[in-house]
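So the protein sequences, as listed, match chains G and D. Residues are numbered in my numbering as their position in the first sequence, beginning at 1, plus a constant of 2. Residues are numbered in my numbering as their position in the second sequence, beginning at 1, plus a constant of 231.
By construction, these hints were calculated from the structure, which means they are not laboratory data. Predicted model only: the values in this text are computed from it and were never measured. Fair warning: there could be bad hints in the mix.
To be verified - Taking lysine-lysine pairs in the PhoX-like style, the calculated list, with each CA pair at most 20 Å apart, reads: (1) 563(D) x 291(G); (2) 102(G) x 75(G); (3) 271(D) x 251(G); (4) 276(G) x 323(G); (5) 61(G) x 544(D); (6) 323(G) x 61(G); (7) 276(G) x 84(G); (8) 544(D) x 481(D); (9) 276(G) x 291(G); (10) 566(D) x 263(D); (11) 134(G) x 61(G); (12) 276(G) x 544(D); (13) 562(D) x 276(G); (14) 357(D) x 481(D); (15) 26(G) x 85(G); (16) 266(D) x 251(G); (17) 266(D) x 566(D); (18) 102(G) x 61(G).
Claimed, not checked - Cβ-Cβ distance ranges computed for the label pairs, FRET-style: (19) 89(G) x 393(D): 25 to 35 Å; (20) 310(G) x 542(D): 15 to 25 Å; (21) 318(D) x 89(G): 18 to 28 Å; (22) 385(D) x 311(G): 39 to 49 Å; (23) 387(D) x 105(G): 15 to 25 Å; (24) 317(D) x 304(G): 42 to 52 Å.
Where is the CB? At the ideal position from N, CA and C, for every residue including glycine.
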Amino acid sequence: MRCSFCERRCDLSDDFHGFCQMYKVEEDRVVERYPFRWSGYQSSDIEMIPFYHAYPGTKSLVVGTMGCNLDCKYCLNSHIAKKQVEESRLYALTPEQILKAARLAGCHNIVFGVNEVTVSFPSFLALAKAAKKQGFAVGCLTNGYLTEEAAELLAEHVLFINLSLKSPSNQFYRHYAGINDVGPIIRNLRFFAERVHLEITTPIVQDVNDHEIPEIARLIAEIDPCIPWHLFRLLPEYKMQDYQYPDIKRIEGLLNIARQEVSYVYFSNFVGSKWVSTDCPLCGTPVVKRVALGTCGAQLAADLRVNEQCAGCGYRIPFLKQSASEQVAVS
Amino acid sequence: MSVAVIDVREWQTTVDFATGDLIEADEHHLVKLAKEIIAKRYYPGDVDNRSINWVTDTALDLAEAYQPDFLFLSYAQPHFYSLYQRFDPGKWEEICTTIFAEITRLVDLTGFTPVVVGLGDMVPLKERIDLTGLDGLGVATNWSFHYAGLYSPSQADLEQLNSDPRIERVVSKERFSELFDGSQEFLRRFPDYLLVAREGYTFRGFASGMREISRIPAKNYQIPIYTPLGNVQRLVDIHALLDQALPQRKVALILIEGIGQRDFRLPYQLIDNTEHWYIYENSRDHYLTITTGLHFQYGQFPPGHLDHAKGPKYPYSGGFTALPQNTLGRKKGIKSAAVGTRNMITHVAAGADICIECFARQLYNLGTIAIINDPKYFEGRDSPLKLAPA
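Isolated chain G, as found in the complex:
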């Protein structure tokens, strides 16, 4: 019997638990080995996850599990995503317990981060359903390598997604991420752009995919030039610890090329980055100021919009806003 959550479609017969180690077959059904078990739960500024155009200034309750369906050689979270999954390291938490924590911690939304959402798909969907009922907005990070049916299910349950598009090429994914085909990821990218608030993150590895920035920009622009795009200065870990850090000045030049295609291009994962704030693409007026604190994202410093519009020219910049029940995308 094959798993249908991600495009690996692992055959789970003979006690194989899938590439991600997280599923098994029980009574002719694919079920989670560790349902409602989480590697952690904590609150975070939504900008740190990162989402820059969704609910600015709100707190997110971030959950994650263990395992991953890709094998990125530079993985930053290998202590969670690439380790042997051990039940003892996971917390048993019902959706209700997680949502109670979110309420007590003053969180506005729930986000599956840390590792890949499809490796704990049924638990996340149950959490998302409960969260939505209680008025929380729900989002997630994903590497995009999920099946069409899983993508459809995900889009039904979340309002915002940050998809990690590492490269437009099969060659990159084959060499550095352990899969052969970027096709399903681009297919899902197009699908999510239609269905949810979408942001894209691209980890930049020096001399590996930095030359692809213009090509990725063209791809995003063709789908929707208003999709916020986070270029992530990757400090390689795991099997690529000795790789050099990307040269910021070199990337800066490529950012200018990318901006000709995509309206909202950010460059982060280093402290002090000056490319984390949002300027109006029409008149250049600062719209949202952020401070880069390293790690993934940034901290909101000031939301300078007036009635959700640029204070300089009145242009309405796309931001996802308000509560889950309102589910409004301003565009």
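We have chain G already, so just place chain D on it with the hints.
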């Protein structure tokens, strides 16, 4: 005004430290100095032994160029090594030897009178006490090992926790404030209940780190201090000792995390490391109590607090929205400098004219940051820094 220079390897930027706004301040001699030093001193990483040498080398650069009267140093590598790495006696011996050799090198080359404090031994982790099954919310952050906050517990939660042999005590907010008093801000943030673990145990729950840990601070009722400046009885007395010695003598206050009585390699006296039943552990509270002379409950953050509401001010200082003004580095009439491998806490606790520290989060090595508090500003005169927005 304070300025920060951030170095992320081959790239630097200068910002207003209070707001994070990009600025230009190249003409200021301390900014120039900071830029030069951090450009040549890459931070090797939290668990890397070379980060011990990094502290000394950077401090020597500062001591030579700035000639401070007061030098504050933090060597946190032994703590991070013990916490996150599998314990290797050979490697540990190397760490201890290196630390004390580096301190000796610094003192020999600069002539500073040293005050060296070992913040306490580490012990193997026995078990993590899982708080996630409770009706209430158990908050267990990496800021604290023996302490966790508990919010909105049920009666059953309290009964369970009170009968857990791994837990030393469960203290209500009311009982805590009756015994300890504390600042308004601290008590406002205090959890409904504070949980205290026995030695070898730590908590896990909301906001716990996801990395595996192998050792945690021991219950260090006493910690060692080496100083030729005189006798000290309690942790809070260190501040007065240095306050009296400065500016007549050039003094280096050196904190070593993860090393206590067991591995301290200098002649020492033992000082009381407690306040009532509270035992200090390597953390923000430890540093601030030493540099301000005030016990932890007069600070801003209780252990296990949940309130992370933060305004935009001081984005590089964790939860702090105002920096303590009574630290040793801010003493009037002296020049002060600080170097540390404890990100955020070093500059907050030192309050030095110039501070260089690593910028690391959860072992991710993000670079270094230098913070320049113009000394003339603190003497009440106008800052000579004339900063134009970049």
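Status of the hints after comparison with the structure:
Between residue 563(D) and residue 291(G) the alpha-carbon distance is near 35 Å, which puts this suggested pair outside the 20 Å criterion. For the hint pairing residue 102(G) with residue 75(G), the CA-to-CA distance comes to about 37 Å; that exceeds 20 Å, so the pair is violated. Our distance criterion of 20 Å between C-alpha atoms is met by residue 271(D) and residue 251(G), whose separation comes to about 18 Å. At most 20 Å may separate the alpha-carbon atoms for a hinted pair to count; residue 276(G) and residue 323(G) exceed this at roughly 25 Å.
In summary, the hint linking residue 61(G) to residue 544(D) is supported, as the alpha carbons are separated by about 17 Å, within the 20 Å threshold. A distance of roughly 13 Å separates the Cα atoms of residue 323(G) and residue 61(G); the hinted pair therefore holds under the 20 Å criterion. Taken as a hint, the residue 276(G) and residue 84(G) pair is broken in the structure, with Cα atoms around 32 Å apart against an allowance of 20 Å. In summary, the hint linking residue 544(D) to residue 481(D) is not supported, as the alpha carbons are separated by about 33 Å, beyond the 20 Å threshold.
Between residue 276(G) and residue 291(G) the alpha-carbon distance is near 10 Å, which keeps this suggested pair within the 20 Å criterion. About 17 Å separates the Cα atoms of residue 566(D) and residue 263(D), which keeps this hinted pair within 20 Å; it holds. A hinted pair counts as satisfied when its Cα atoms are at most 20 Å apart, and residue 134(G) with residue 61(G) qualifies at roughly 16 Å. A threshold of 20 Å between alpha carbons decides the hint, and for residue 276(G) with residue 544(D) the separation of about 17 Å falls inside it, so the pair holds.
A threshold of 20 Å between alpha carbons decides the hint, and for residue 562(D) with residue 276(G) the separation of about 34 Å lies outside it, so the pair is violated. Proposed proximity of residue 357(D) and residue 481(D) is contradicted: the alpha carbons are some 43 Å apart, above 20 Å. Annotation: proposed proximity of residue 26(G) to residue 85(G) holds, straight-line Cα distance about 18 Å (limit 20 Å). A distance of roughly 17 Å separates the Cα atoms of residue 266(D) and residue 251(G); the hinted pair therefore holds under the 20 Å criterion.
For the hint pairing residue 266(D) with residue 566(D), the CA-to-CA distance comes to about 19 Å; that is within 20 Å, so the pair holds. For the hint pairing residue 102(G) with residue 61(G), the CA-to-CA distance comes to about 14 Å; that is within 20 Å, so the pair holds. For the hinted restraint 25 to 35 Å between residue 89(G) and residue 393(D), the CB-CB distance of approximately 28 Å keeps it satisfied. Look at residue 310(G) against residue 542(D): about 22 Å separates their beta carbons, and that is inside 15 to 25 Å.
In this structure the hint that residue 318(D) and residue 89(G) lie 18 to 28 Å apart at CB holds, the actual value being about 25 Å. Checking the proposed 39 to 49 Å range against residue 385(D) and residue 311(G) shows it holds: the Cβ atoms sit about 47 Å from each other. Between residue 387(D) and residue 105(G) the Cβ separation comes to about 20 Å, which falls inside the hinted range of 15 to 25 Å. For the pair residue 317(D) and residue 304(G), the supplied restraint of 42 to 52 Å holds, since their beta-carbon distance comes to about 45 Å.
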